[in-house]
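FYI, the numbering for the sequence shown is 1 to 320, going by the working numbering.
By construction, these hints were calculated from the structure, which means they are not laboratory data.
Be careful, since some hints might not be right.
As the list claims (entries may be wrong) - Here are the simulated SDA-like cross-link-like pairs (lysine to any residue), alpha carbons at most 25 Å apart as the crow flies:
| # | residue 1 | residue 2 |
| --- | --- | --- |
| 1 | Lys314 | Leu272 |
| 2 | Lys314 | Val242 |
| 3 | Lys314 | Asp273 |
| 4 | Lys314 | Glu207 |
All of these numbers come straight from a predicted model, not from anything done at the bench.
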Amino acid sequence: MSSEELEAYRRPLTGYCYRLLGSAADADDAVQETLIRASRKLADFDPQRARLTTWLHTIATNICIDMLRSASRRALAVDLGPASQSTEMGAPLSPGRFVEPMPDARLFGIDDPADRIVLRETVRLAFIAALQRLSPRQRATLVLRDVLVFSAQESAEILGTSVAAVNSVLQRARAALADHPVAVTDVLDPEDAVQRDLLARYVAAFEAHDVPRLTALLREDATSSMPPFAWWLSGRDRIGAVMAASDACAGDRLLPTAINGSPGFGQYRPGLDGRLEPFALLVVEVVSGRVAHLVTFLGSQARFAEFGLPPVVKETGLAR
Numbered sequence: 001m002s003s004e005e006l007e008a009y010r011r012p013l014t015g016y017c018y019r020l021l022g023s024a025a026d027a028d029d030a031v032q033e034t035l036i037r038a039s040r041k042l043a044d045f046d047p048q049r050a051r052l053t054t055w056l057h058t059i060a061t062n063i064c065i066d067m068l069r070s071a072s073r074r075a076l077a078v079d080l081g082p083a084s085q086s087t088e089m090g091a092p093l094s095p096g097r098f099v100e101p102m103p104d105a106r107l108f109g110i111d112d113p114a115d116r117i118v119l120r121e122t123v124r125l126a127f128i129a130a131l132q133r134l135s136p137r138q139r140a141t142l143v144l145r146d147v148l149v150f151s152a153q154e155s156a157e158i159l160g161t162s163v164a165a166v167n168s169v170l171q172r173a174r175a176a177l178a179d180h181p182v183a184v185t186d187v188l189d190p191e192d193a194v195q196r197d198l199l200a201r202y203v204a205a206f207e208a209h210d211v212p213r214l215t216a217l218l219r220e221d222a223t224s225s226m227p228p229f230a231w232w233l234s235g236r237d238r239i240g241a242v243m244a245a246s247d248a249c250a251g252d253r254l255l256p257t258a259i260n261g262s263p264g265f266g267q268y269r270p271g272l273d274g275r276l277e278p279f280a281l282l283v284v285e286v287v288s289g290r291v292a293h294l295v296t297f298l299g300s301q302a303r304f305a306e307f308g309l310p311p312v313v314k315e316t317g318l319a320r
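With the hints as extra help, turn the sequences into a complete structure.
Next comes the structure, spelled out in structure tokens:
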């Protein structure tokens, strides 16, 4: 086993660490440290005692739990307080208060579309935010057992505890999630013709800045938020009224990507030289053929490349 061979585990470890930390940047740091430590300790690894993936997840778990000791709990804007009644967004909060978006391409390497759809359900923004309500050990236990499907025995080895303790922590973690049910949304499914049609109509209405057409695609109880602001809106009519009162998005364009298992877009805005430049990452969460949640991650321009989005586009939508 070489350091190069360890690289094959970077993507699954990234998914694991991201679920625990809620931050793409922190997950990158945790995975890098995991692979560095593993490379240094390769001589100590005994394949007769544990699978390599179990050993690597042990290292990653310890690193993530250490990082969480000094981290504040990340959340979505809708978890921080009631819906805003004012159009004033207020001051932005620290980016560390919010769950960060993650590109699907950095989480999934599975060829089977069915398996990919199942995994996408476990990286939806609401699920990641729900995990952040759990204690670090509850998070790790639930993800290991219910998401990654490690056995109770392997999970006990990873966590350095007993099978009985793992089962007890898992029961408490499941109960805690049940007390705050995670909103269910449809995962991105390129084979779903209804979803494709809805997203195409959303893009057309958005780019035409046609607010009536846009709001007609929303559920009555739709929400819209814009991290790093705690400000968020609830209700189709309220969202439509705020959109209609501003022409800030007029001229903006959307390019598709996949974010946290959901339909996503890079939002581009005309620059001073007329070129369309990165403005924000947009997650469009869908439920039963209607848009349920809009999450616009402001200040995410530097991350467009991670999502396979070009740095500049022409009006035709082709990268320069």
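Outcome of the hint check:
1. Lys314 to Leu272: holds, 13 Å
2. Lys314 to Val242: Violated, because 28 Å separates the two Cα atoms, which is more than 25 Å.
3. Lys314 to Asp273: holds, 11 Å
4. Lys314 to Glu207: holds, 14 Å
When the structure is compared with the earlier hints, a violation turns up for hint 2 alone.
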